[in-house]
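Trainee: Chains as they are written, first to last, in our numbering: chain A, 1 to 396; chain B, 397 to 501; chain C, 502 to 970.
Careful: at least some of the hints might be erroneous.
Okay, the calculated beta carbon distance ranges per label pair [as the list claims (entries may be wrong)]:
hint: 1; chain 1: A; residue 1: Gly191; chain 2: C; residue 2: Pro578; range: 40 to 46 Å
hint: 2; chain 1: C; residue 1: Arg725; chain 2: B; residue 2: Arg492; range: 21 to 27 Å
hint: 3; chain 1: A; residue 1: Asn254; chain 2: C; residue 2: Ala780; range: 52 to 58 Å
hint: 4; chain 1: B; residue 1: Arg402; chain 2: C; residue 2: Ala850; range: 53 to 59 Å
hint: 5; chain 1: A; residue 1: Pro293; chain 2: C; residue 2: Arg725; range: 56 to 62 Å
hint: 6; chain 1: A; residue 1: Gly191; chain 2: C; residue 2: Ala780; range: 31 to 37 Å
hint: 7; chain 1: C; residue 1: Ala850; chain 2: A; residue 2: Asp268; range: 55 to 61 Å
Simulated crosslink set (EDC-like; lysine to aspartate or glutamate; CA at most 20 Å straight-line) [stated by the list, open to error]:
hint: 8; chain 1: C; residue 1: Lys690; chain 2: C; residue 2: Asp829
hint: 9; chain 1: B; residue 1: Lys410; chain 2: C; residue 2: Asp667
hint: 10; chain 1: C; residue 1: Lys710; chain 2: C; residue 2: Glu558
hint: 11; chain 1: C; residue 1: Lys738; chain 2: B; residue 2: Asp489
hint: 12; chain 1: B; residue 1: Lys403; chain 2: B; residue 2: Glu432
hint: 13; chain 1: B; residue 1: Lys417; chain 2: C; residue 2: Asp650
hint: 14; chain 1: C; residue 1: Lys738; chain 2: B; residue 2: Glu456
hint: 15; chain 1: B; residue 1: Lys403; chain 2: C; residue 2: Asp734
hint: 16; chain 1: C; residue 1: Lys957; chain 2: A; residue 2: Asp290
hint: 17; chain 1: C; residue 1: Lys722; chain 2: C; residue 2: Glu752
hint: 18; chain 1: A; residue 1: Lys103; chain 2: A; residue 2: Glu124
hint: 19; chain 1: B; residue 1: Lys410; chain 2: B; residue 2: Glu422
hint: 20; chain 1: C; residue 1: Lys738; chain 2: C; residue 2: Glu750
hint: 21; chain 1: C; residue 1: Lys957; chain 2: C; residue 2: Glu546
hint: 22; chain 1: C; residue 1: Lys722; chain 2: C; residue 2: Asp667
hint: 23; chain 1: C; residue 1: Lys841; chain 2: C; residue 2: Asp829
hint: 24; chain 1: A; residue 1: Lys103; chain 2: A; residue 2: Asp115
hint: 25; chain 1: B; residue 1: Lys403; chain 2: B; residue 2: Asp424
hint: 26; chain 1: C; residue 1: Lys841; chain 2: C; residue 2: Asp790
hint: 27; chain 1: B; residue 1: Lys410; chain 2: C; residue 2: Asp650
hint: 28; chain 1: C; residue 1: Lys722; chain 2: C; residue 2: Asp734
hint: 29; chain 1: B; residue 1: Lys417; chain 2: B; residue 2: Asp489
hint: 30; chain 1: B; residue 1: Lys417; chain 2: B; residue 2: Glu432
hint: 31; chain 1: B; residue 1: Lys403; chain 2: C; residue 2: Asp650
Some, not all, of what chain A presents toward chain B, calculated at C-beta under 8 Å [unchecked claim]:
hint: 32; residue: His185
hint: 33; residue: Ser230
hint: 34; residue: Arg231
hint: 35; residue: Gly297
Keep in mind that the hints were calculated from the coordinates and are not lab data.
Predicted model only: the values in this text are computed from it and were never measured.
Using N, Cα and C, we set each Cβ at its ideal position, and we do this for glycine too.
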Amino acid sequence: MGAGTADAIVIGGGLHGCSAAINMAGRGLSVIVIEKDFVGRHASSSNAGGVRTLGRDPREIPLALMSLDLWHAIDTIVGEDCGFDAGGQLRLAETEEDLETLKARAAGVRDLGYDHEEIIGTDELYEILPELRPGCVGALFCRRDGSANPLYAMRAYRRAVIAAGVALHEGTAATGAQRRDGAWHVATTGGDFQAPVLVNCAGAWADRVAAWTGDRVPMTAAAPSAMITSRVPPCLGPVVSSAARPLSLKQLENGTVLISGALRGVADRDANSAVIRLAPFAARAATVLDLFPAMAGAQVVRFWAGIEAITPDGSPVLGPGASEEGVFHAFGFNGHGFELGPGCGAVIAELVATGSTNTPIAGLEVGRFQSTGIGADASAYGAPEQEKGEGYAANQ
Amino acid sequence: MDPEPRKVDIPFAKIASRSAKPVTLEIDGHAVIAGEEDTVASAILLAGALPNRLSAVNGEPRVPYCMMGACFECLAEVDGVPERQTCLIPVRDGMRVRTVRGRER
Amino acid sequence: MLDLAVIGAGPAGLAAAATAAALGLEVSLFDEQPWPGGQIHRGAERSSDASPGVDTERRAGRALLAAFRESGAGYRPRTFVWHVGPADDGLIELGLDADTDIALVTARHVLFATGSVERPMPVRGWTLPGVMTAGAAQSMLKASGVRPDGPVAMAGSGPLLYLCADQLATAGARIVALLDTTPAGRHLKALADFPGALRAPSYLLRGLKLLRAPARHGFPKYRRVEALEAIGDGQLKAVRWRQGGRWHEAECSHLLLHQGVLPHVNLPRLAGCDMAWNAEQHCWRPLSDGWGRSSIAGYWVAGDGAGIAGGAAAADFGHIAAFGIAADLGRLDATEAERKARPHRRALAPLLALRPFLDTLYRPANAFMLADDGTLACRCEEVTAGQIRQAVADGCHGVEAVKLYTRCGMGACQGRVCGATVPEVIASARGIPVPDAGLFRQRTPAKPLPLTQLAKLDPVLNPPLEEVG
Chain A
1 MGAGTADAIV
11 IGGGLHGCSA
21 AINMAGRGLS
31 VIVIEKDFVG
41 RHASSSNAGG
51 VRTLGRDPRE
61 IPLALMSLDL
71 WHAIDTIVGE
81 DCGFDAGGQL
91 RLAETEEDLE
101 TLKARAAGVR
111 DLGYDHEEII
121 GTDELYEILP
131 ELRPGCVGAL
141 FCRRDGSANP
151 LYAMRAYRRA
161 VIAAGVALHE
171 GTAATGAQRR
181 DGAWHVATTG
191 GDFQAPVLVN
201 CAGAWADRVA
211 AWTGDRVPMT
221 AAAPSAMITS
231 RVPPCLGPVV
241 SSAARPLSLK
251 QLENGTVLIS
261 GALRGVADRD
271 ANSAVIRLAP
281 FAARAATVLD
291 LFPAMAGAQV
301 VRFWAGIEAI
311 TPDGSPVLGP
321 GASEEGVFHA
331 FGFNGHGFEL
341 GPGCGAVIAE
351 LVATGSTNTP
361 IAGLEVGRFQ
371 STGIGADASA
381 YGAPEQEKGE
391 GYAANQ
Chain B
397 MDPEPRKVDI
407 PFAKIASRSA
417 KPVTLEIDGH
427 AVIAGEEDTV
437 ASAILLAGAL
447 PNRLSAVNGE
457 PRVPYCMMGA
467 CFECLAEVDG
477 VPERQTCLIP
487 VRDGMRVRTV
497 RGRER
Chain C
502 MLDLAVIGAG
512 PAGLAAAATA
522 AALGLEVSLF
532 DEQPWPGGQI
542 HRGAERSSDA
552 SPGVDTERRA
562 GRALLAAFRE
572 SGAGYRPRTF
582 VWHVGPADDG
592 LIELGLDADT
602 DIALVTARHV
612 LFATGSVERP
622 MPVRGWTLPG
632 VMTAGAAQSM
642 LKASGVRPDG
652 PVAMAGSGPL
662 LYLCADQLAT
672 AGARIVALLD
682 TTPAGRHLKA
692 LADFPGALRA
702 PSYLLRGLKL
712 LRAPARHGFP
722 KYRRVEALEA
732 IGDGQLKAVR
742 WRQGGRWHEA
752 ECSHLLLHQG
762 VLPHVNLPRL
772 AGCDMAWNAE
782 QHCWRPLSDG
792 WGRSSIAGYW
802 VAGDGAGIAG
812 GAAAADFGHI
822 AAFGIAADLG
832 RLDATEAERK
842 ARPHRRALAP
852 LLALRPFLDT
862 LYRPANAFML
872 ADDGTLACRC
882 EEVTAGQIRQ
892 AVADGCHGVE
902 AVKLYTRCGM
912 GACQGRVCGA
922 TVPEVIASAR
932 GIPVPDAGLF
942 RQRTPAKPLP
952 LTQLAKLDPV
962 LNPPLEEVG
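Turn these sequences into a full structure, and let the hints guide you.
Mentor: Below is the structure:
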């Protein structure tokens, strides 16, 4: 085939684009990836690294569980462990009221047929988190969850993409796409490309790509943010969040602690810029020190914000396009797409190669926004709150 | 328990012309007399309480390098607060400094 | 709320703050050091004009300090600025950490007078205890009257290396070798700029006198050193160097390195000011106009932090910036500002005319701006130059991609030490001009901020909602 032609073109070289590319290549397809900056430049490298099935919207649960299994074998997929640590994800009940909320959640999830979210009591809680301040009453726990290092992951995925023979074009921005004669013609700043299949993994810019294919998605760009500390003595095993207040806390292999949790900055996706807001960081700092007094010696070394896509109902768009042939979407992860990366790539490749997928993805269709134009049906557990970032359970 | 890092001997001398009000501080449990014009880093260097830290990744011995607040090699615990840039902190009577060699084991 | 926040208490900051206060501006000077004077005037307040070794430059520094103290400008030592950014109504917000206190303050204008940092000199073994910068030794001498004991080797290039050698030898240090890494042919290259240097004869003479320091003190100087290595197991024992293809070795307890200084651009970069590559000085500097205005309204730069021109020039630039800021605030009209700036511009002319000569003569050899594969480029995260070259081979095109891949530049120093080495290694590996490799982005906090300090801002930034009714 000519250099500008392949079986599939992926727009977006983040985690989801790379994952889709290697999965399609693994099924024998020739793949081109078009990335406007460099692999992992945006949300993929600026997220908090949570590998979390805990607290997911029910529509995402089967996909998340399937993806978690892939994380547990990530070195067979990309040849590196990406810093994956299966220390679990734990949502604290600071009060009895919190515990009731979490128990209701666990019961609801069990009713759907999933048993990955367990309630644990104080004995097990303090065994897992000896540095936690006294007085917490229990937690919701996913034992097989954990965290990984987004930077290591992107490095590994990039190497895997190249090793799989995918044609990676970085510094190349897609400027338009048109379907003609059974193929997608993608115009970019680096020339034109053609393929029968177009995969939209364009992150915070994916609504524009979707629009080229005739799919309207009311998506916005936000700036999820996080901070990381200097290395501190080991004090955390699982990733910790709280039912009571926004928080996500994890200690990386190198001893540094990553603090996030519903931290929204200000994004300007056309300027490739994302700026933090200090106020929520100050609140998170106070929360961390309240819950883990042993962290009193930690220093914040860096704040950062990435640019991510936010959908009206807090869940991603995954599946075939609604308007044209040969288009597949995987975007809109609302700041919690990292864990879904391996799984979404497998699902996309399965859809492209076979026309269907064994993983239930009902409720994630792009078409769900087009009937009303604004939002989807409320989830079974009440209307999702606006800022549904990682680590904030509230109305699940 | 990890062993105490091997002491490093780097000689410094105080020249006579500086007059100073003496300040007594404690470095790794030892009383050290410094001048009020000294920073904690120069007191550490003069007292030979080295290495003051180990590198973060490979645990190599490190001592102050730039003495102007840029390199972050001069880190030590000062009055209970870890990882202070000691070249920016003036000595004070009664100050308690702990380097990696004085760490509780 | 301040009219002007000045960051850095070296000559540029002191001059600007004193002048601004004299013009009636509400001005405060913030400095992370415990005592004012920056690097060049360290310890100057504590000495007297009659102290031994005090020269014209020192006396000028003492006068500057006295004027600052008398000016009524606010002064906050031991205060580091961890954040600068936009606030409401076109004002600028600064995050301050003063040890026990943390605060957010607003100002109409901010002057970055953050001076310079040493250009890194990543030779093999440079992280061994016993290796320091020449500037570090000089600081300790000026501030605390402490000198290195035992055999001392010094290596690098530039007038400050010789000044330091002279001062240390005068203070009794036993210098066993001064290893000059200025490459062959530089004097010839610099000849073209020599006429300009003649406009600053006193500096030239001073420089010539310094070059004779080895002879005067009786320690050996080795010229055209091509390579250098610090040897030791756990600490420095000796230095090896190659000259004319032959290796030599000398035992030493100290190796002091210096190959010039670079503008310390972390804060203006954090604020988002545009940077420009200065080919003559082979470094980045904030884009600025003749008054010190940066590319962003409200942010100003003066002194070595705006471009290396030395201590005396820094004071003149500081005064000029203060006049410019006062004019912007309506305290001076444009003509008055011009008039007041004129004597300072006149004083600057010879100092600036001297620069091209010094810059050409003392541009470090490429070999010493690079590092070999096994040598650390990033001391904090212990990333070797070889790992950077591997990242480039893996497809990283610039410093930010290398940072994500290797953690280089993510450590505590935020690129203050490695920031110049990384683009050199990338550019050399890719065969591109050094500026095309980029420079590290800076983000808040400008230096690590204790979590306990950040938590103290919670009640300030997130005040509890008041009960209604």
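Trainee: Look at each hint and say if it fits the structure.
Mentor: Now for the hints, and whether the structure bears them out:
no., hint, result
1, A:Gly191 - C:Pro578: 40 to 46 Å, "violated, 58 Å"
2, C:Arg725 - B:Arg492: 21 to 27 Å, "violated, 49 Å"
3, A:Asn254 - C:Ala780: 52 to 58 Å, "violated, 38 Å"
4, B:Arg402 - C:Ala850: 53 to 59 Å, "holds, 55 Å"
5, A:Pro293 - C:Arg725: 56 to 62 Å, "holds, 59 Å"
6, A:Gly191 - C:Ala780: 31 to 37 Å, "holds, 33 Å"
7, C:Ala850 - A:Asp268: 55 to 61 Å, "violated, 43 Å"
8, C:Lys690 - C:Asp829, "violated, 42 Å"
9, B:Lys410 - C:Asp667, "holds, 17 Å"
10, C:Lys710 - C:Glu558, "holds, 15 Å"
11, C:Lys738 - B:Asp489, "violated, 35 Å"
12, B:Lys403 - B:Glu432, "violated, 26 Å"
13, B:Lys417 - C:Asp650, "violated, 23 Å"
14, C:Lys738 - B:Glu456, "holds, 16 Å"
15, B:Lys403 - C:Asp734, "holds, 12 Å"
16, C:Lys957 - A:Asp290, "holds, 12 Å"
17, C:Lys722 - C:Glu752, "holds, 15 Å"
18, A:Lys103 - A:Glu124, "holds, 16 Å"
19, B:Lys410 - B:Glu422, "holds, 19 Å"
20, C:Lys738 - C:Glu750, "holds, 10 Å"
21, C:Lys957 - C:Glu546, "violated, 34 Å"
22, C:Lys722 - C:Asp667, "holds, 12 Å"
23, C:Lys841 - C:Asp829, "holds, 14 Å"
24, A:Lys103 - A:Asp115, "holds, 13 Å"
25, B:Lys403 - B:Asp424, "holds, 12 Å"
26, C:Lys841 - C:Asp790, "holds, 17 Å"
27, B:Lys410 - C:Asp650, "holds, 9 Å"
28, C:Lys722 - C:Asp734, "violated, 26 Å"
29, B:Lys417 - B:Asp489, "holds, 11 Å"
30, B:Lys417 - B:Glu432, "holds, 6 Å"
31, B:Lys403 - C:Asp650, "holds, 17 Å"
32, His185, "violated, 48 Å"
33, Ser230, "holds, 6 Å"
34, Arg231, "holds, 6 Å"
35, Gly297, "holds, 4 Å"
In the structure shown, a violation is registered for the earlier hints numbered 1, 2, 3, 7, 8, 11, 12, 13, 21, 28 and 32, in ascending order.
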